[in-house]
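Using the sequences and the hints given, assemble the complete structure.
These are the residues of each chain, in order.
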Amino acid sequence: MTGADILLEALEREGVDTIFGYPGGANLPIYQRLHAHPKLRHILVGHEQGAAHMADGYARASGRPGVVFATSGPGALNTITGLATAFMDSVPLVAVTGQVASGMVGRDAFQESDVIGCSQPVTKHNYLVTRVEDVAPVLKEAFYIASSGRPGPVLIDICKDAQQAECEPAWEERIQRPGYRPAFEPDLSQVERAAAALARAERPVILAGHGVLLSSAEQELIAVAEKAVVPTGTTLLGVGAFPVRHPLSLHMTGFMGTGWNLKAVQNADLLMCVGMRVDDRVTAKLNDWAPRAETFIHVDIDRSEMGKNVRPHLEVVADAGTALRAMLPHLVPPPASRGAWLTQIDRWREEHPLRYAKSNGHLQPQDVMIAMYERCADEAIVVADVGQNQIWAALWWNYLKPGLFINSGGAGTMGFALPAAIGAKFARPEKAVWCVAGEGGFVMTAQELSVAVKHQLDVKIVLLNNFCLGMVRQFQDDFYGGVRSEVDLRHLPDFVKLADAYGLAGIKVERAEQLPEAFDFAQRTPGPVLIDFRIDPSANVYPIVPLGAGLNDFWEQPDDYA
Amino acid sequence: MITPEVVDTRRLRVVTAIVQDHPGVLSRVSGMVRRRGFNIQGLTVGPTGVPGRSRMTLTVDAGHAEADQVEKQLDRLIEVIEIRDVTDSPKLLRELAIVKVSVTGEQREQTTREVQGFGGRLLAANEALVIYELSGEFESVESFLGLMRPLGIVDIARSGPVAMTSLAGLAGPEGE
Ligand SMILES: Cc1ncc(C[n+]2csc(CCOP(=O)(O)OP(=O)(O)O)c2C)c(N)n1
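Going down the list, the protein sequences come from chains A and B.
For what it's worth, full-length UniProt numbering labels the leading residue of the first sequence as 1, then goes sequentially.
For what it's worth, full-length UniProt numbering labels the leading residue of the second sequence as 1, then goes sequentially.
By construction, these hints were calculated from the structure, which means they are not laboratory data.
There are no misleading hints in this set.
Below, in silico cross-link-like pairs of lysine-lysine (DSBU-like), each with a Cα-Cα straight-line distance of 35 Å or less:
1. A:227 to B:72
2. A:431 to A:140
3. A:227 to A:401
4. B:72 to A:140
5. A:401 to A:508
6. B:72 to A:285
7. A:508 to A:431
8. A:39 to A:454
9. A:39 to A:431
Okay, the calculated beta carbon distance ranges per label pair:
10. A:111 to B:50: 38 to 46 Å
11. B:66 to A:481: 32 to 40 Å
12. A:168 to B:46: 31 to 39 Å
13. B:50 to A:286: 39 to 47 Å
14. B:46 to A:294: 43 to 51 Å
15. A:25 to B:165: 46 to 54 Å
16. A:39 to B:50: 37 to 45 Å
If you're wondering where the values come from, they're calculated on a predicted model, not measured in any experiment.
Ideal placement from N, C-alpha and C gives every residue a C-beta, glycine not left out.
Here is the structure:
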């Protein structure tokens with residue numbers, strides 16, 4: 001068998017059904033053999049960054065590693081932003097890039113670039129394959145590493161001669177990696193102490209991150225929160241890990257989190273963070289984060305997260321589900337004083353509700369989200385881009401089930417939503433998939449519309465068009481004295497015409513009264529649909545914590561405006 | 001947050017690692033150090049008794065990161081098989097220094113005796129120049145170099161430290 005056939009068969013053996021990719025000189029031997037592997041569906045993308053985001057959306061929606069093909073040099077380099085996006089959010093991907101022939105490596109051959117060097121900081125691991133004998137074992141190991149432990153992208157750079165050479169593949173089942181320990185059994189003494197601390201605490205809070213979703217531990221989280229009676233919130237990436245309308249829900253934390261969440265975090269005497277990194281978007285000013293907390297329990301599968309940003313009193317290094325399951329039998333009902341804490345949180349929820357401008361005559365983005373939620377309830381997958389649209393999609397939708405909200409939380413990659421939504425739809429064709437994006441991010445990867453059209457994917461695009469780089473405009477208005485610099489997007493194309501040019505249906509919506517009709521149209525029309533919502537250009541995201549400030553200092557929607 | 005007290009916060013960490021000696025492993029290790037804002041002060045690599053495995057000793061400034069991050073971040077690398085932060089452990093640290101100095105006649109004999117007093121030795125000599133070597137702990141290498149400096153150092157090569165935990169506290173026949 002040739003290296004190309006071994007590679008493709010190895011993908012089949014891993015259960016891969018979909019590949020997002022783009023051909024070129026250095027991966028042609030692989031493309032020339034695709035037809036001989038009909039179980040593999042190849043999706044030709046518009047740009048390799050799109051392929052990486054599609055594979056990412058595919059992986060987040062299905063739980064299985066997404067697969068990317070790209071050629072050497074520019075092809076491989078175009079995937080880097082997508083790999084970094086997946087790396088920051090711990091998403092399993094396997095990227096297979098062509099490389100120039102092994103004898104040419106290092107000679108600045110045509111379309112040669114040091115893809116191993118370039119991708120090293122943004123992958124969990126990577127491989128340069130120069131010999132055909134290594135193709136099968138490397139593929140096996142790459143899938144294992146990508147999807148085990150804390151998941152992440154893995155890149156395999158295969159020299160063209162290794163794709164062409166022949167050998168009898170050894171389908172080794174065992175993986176020999178003495179330095180790779182993906183799973184840890186939780187330290188039971190720490191688990192027991194954590195359970196005891198939860199029971200003792202007067203004002204405990206649990207925060208849940210992407211790790212809970214990656215480990216499918218939502219039921220365990222609910223069980224722990226209910227048994228120990230602990231108010232529970234999520235990070236932006238953890239949205240959906242705890243039902244938003246659960247009586248104990250604190251909704252989203254962080255510098256654009258809800259007021260009652262931030263109040264609870266800042267007043268908690270115990271904080272337990274599960275499956276999250278405790279990054280600067282969660283803590284805002286680190287020294288002011290959770291100032292009254294006497295106990296910080298950190299549960300994460302990655303040992304290096306312990307004390308990276310905040311030093312825990314108790315650390316449980318384990319998969320979120322394993323850790324929470326271990327904790328459950330040790331939990332006891334809380335002291336009576338817990339009632340006062342819950343009452344206090346209810347008061348904060350009433351004092352600091354999510355609010356938005358309703359009466360200035362413009363179409364409000366929150367109204368769009370609410371109308372959309374009424375339509376698809378708790379079933380549709382929402383893939384958001386980056387910016388204001390992302391936070392509106394996170395806050396103004398009631399995620400009652402896990403896995404329904406996908407966004408680039410760690411890297412904040414504009415242009416993520418459309419390709420990731422396409423990938424999610426390929427992974428879960430039975431699910432409605434809604435792509436929410438600002439017009440700035442949307443045009444960064446808009447070429448992928450042709451993929452949605454070619455495959456007649458039911459991806460509904462909700463463009464929250466405010467004719468500006470909204471989030472940056474808000475920062476300039478709120479934190480930079482109102483000096484606006486390079487945020488005007490009035491020069492962008494007419495999106496209804498753009499949709500028409502790509503061959504999909506597009507409509508424009510300017511008033512709230514048009515919302516039902518617009519959503520009727522989207523749901524009635526098979527295949528992709530784009531709705532250009534002309535929203536209030538001055539709509540802002542609130543609450544927001546001013547740059548450099550602590551969580552206590554969050555700003556709310558100004559009164560005169562509500 | 002009322003954070004727990006951290007006992008060992010020394011910035012300069014001494015870390016020993018057993019790694020798979022794959023191509024590129026050194027760049028993975030040094031890349032991780034750079035990315036996390038650490039700074040390498042010394043790095044030595046050599047083979048171990050096991051084929052395919054090398055031993056590294058790193059002396060790393062943790063920069064603005066928490067001190068224990070050096071060992072924890074390097075442990076994430078798939079090719080790192082075993083890693084220990086030995087900053088606080090009883091250990092033997094040795095460094096080799098080779099120095100070329102211009103010293104002649106009477107002074108040369110005197111210097112050679114002093115170097116031998118340090119446990120160093122003369123490796124080569126011609127009319128104008130002498131090459132001495134010394135292996136020892138950081139401090140004795142430093143005082144050896146202090147002796148050499150006034151003579152006029154022409155060239156210095158230092159290996160950077162290698163480390164091994166000492167026998168103290170070890171169980172079994174080895175430790176007794
Ligand atoms: C690739 C990339 N470039 C720049 C940024 C910085 N950035 C963050 S939000 C934002 C504005 C996004 O504007 P738009 O896509 O119109 O969305 P809106 O905020 O208006 O919803 C920018 C420029 C980014 N996150 N990603």
